[in-house]
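Q: Sequence:
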Amino acid sequence: MTQDEFPGWHGTTIIGVKKGGEVVIAGDGQVSLGQTVIKGTARKVRKLSPGGYDVVVGFAGSTADAFTLLERLEAKLEATPGQLARASVELAKDWRTDKYLQKLEAMLIVTDGSELLIITGAGDVLEPEHSIAAIGSGGNFALAAARGLIDSDRDAETVARDAMKIASDICVYTNGNLTVEKIKA
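Start counting the sequence shown at 0; every next residue gets the next number (numbering that gives the first Met the number 0).
Check the hints yourself; a few may be wrong.
To be verified - Here are the computed lysine to any residue pairs in the SDA-like style, where the Cα-Cα straight-line distance is at most 20 angstroms: (1) Lys92 / Leu103; (2) Lys102 / Thr62; (3) Lys18 / Glu114; (4) Lys92 / Ala121; (5) Lys164 / Arg42; (6) Lys92 / Arg42.
Unchecked claim - DEER-style ranges, computed between Cβ atoms: (7) Gln82 / Thr35: 38 to 46 angstroms; (8) Gly147 / Ser61: 29 to 37 angstroms; (9) Thr157 / Lys102: 18 to 26 angstroms; (10) Glu77 / Lys183: 18 to 26 angstroms; (11) Ala74 / Gly19: 26 to 34 angstroms.
Calculated from the structure, these hints are not laboratory results. A virtual CB, placed ideally from N, CA and C, is assigned to each residue, including glycine.
With the sequences and hints as input, model every part of the structure.
A: Structural data, given as structure tokens:
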């Protein structure tokens, strides 16, 4: 099978919701190869603590690529403790300009409890509107659902869980097996 014929890995929905002094990042557990579910319990949301400074990260895309980026982000955070935006911009600059990193196919949602950011390989560090960030194959479904729920009396975790439930009902590359991490400012 040539690279062009390879069906490719698909899957993942990651959402970040900032509300009421806390931020929640939730991700599903499905990994698919073509039309086959390979694993349903992958953990795509993690807590990092470089130098005692807590950051929650969710990733979509190639797992090996995402882990490479997580290691780089952790190093940037250690170099700039307490400065998530600066560390994220430094990672995005490296990702955009380094010939090795340019080939990495992943996206990240990161938060320290006060900032919520999306980092892309195109060199973007985006602070999403409406305090909701979503990436991955079901990201737009989760984003739409969360935007509809954000003004309700639900807390951040409930909005994230309900949005992920809706996304998993629509996107065939998203399941309901969630990993949820919460962090306060």
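Q: Against each hint, give a clear statement of whether it holds in the structure.
A: We went through each hint and held it up to the structure:
Of the supplied pair hints, the one linking Lys92 and Leu103 holds, its CA atoms being roughly 13 angstroms apart against a limit of 20 angstroms. Restraint check: the Cα-Cα separation between Lys102 and Thr62 comes to about 13 angstroms, which is no more than 20 angstroms; the hinted pair holds. This hinted pair checks out: Lys18 and Glu114 have alpha carbons roughly 11 angstroms apart, not beyond 20 angstroms. With a C-alpha separation of about 9 angstroms, the suggested pairing of Lys92 with Ala121 holds against the 20 angstroms cut-off.
With a C-alpha separation of about 17 angstroms, the suggested pair Lys164 and Arg42 falls inside the 20 angstroms cut-off, and the hint holds. The hinted pair formed by Lys92 and Arg42 fails the criterion: a straight-line CA distance of about 27 angstroms is larger than 20 angstroms. Checking the proposed 38 to 46 angstroms range against Gln82 and Thr35 shows it holds: the Cβ atoms sit about 42 angstroms from each other. Taking the beta carbon of each, Gly147 and Ser61 are about 31 angstroms apart, inside 29 to 37 angstroms as hinted.
Checked against the given bound of 18 to 26 angstroms, the beta carbons of Thr157 and Lys102, roughly 38 angstroms apart, lie outside it. A C-beta distance of roughly 22 angstroms is found between Glu77 and Lys183, which places it inside the suggested range of 18 to 26 angstroms. Roughly 32 angstroms separates the CB atoms of Ala74 and Gly19, a value that falls within the hinted 26 to 34 angstroms.
Of the numbered hints stated above, those contradicted by the structure are hints 6 and 9, listed in ascending order.
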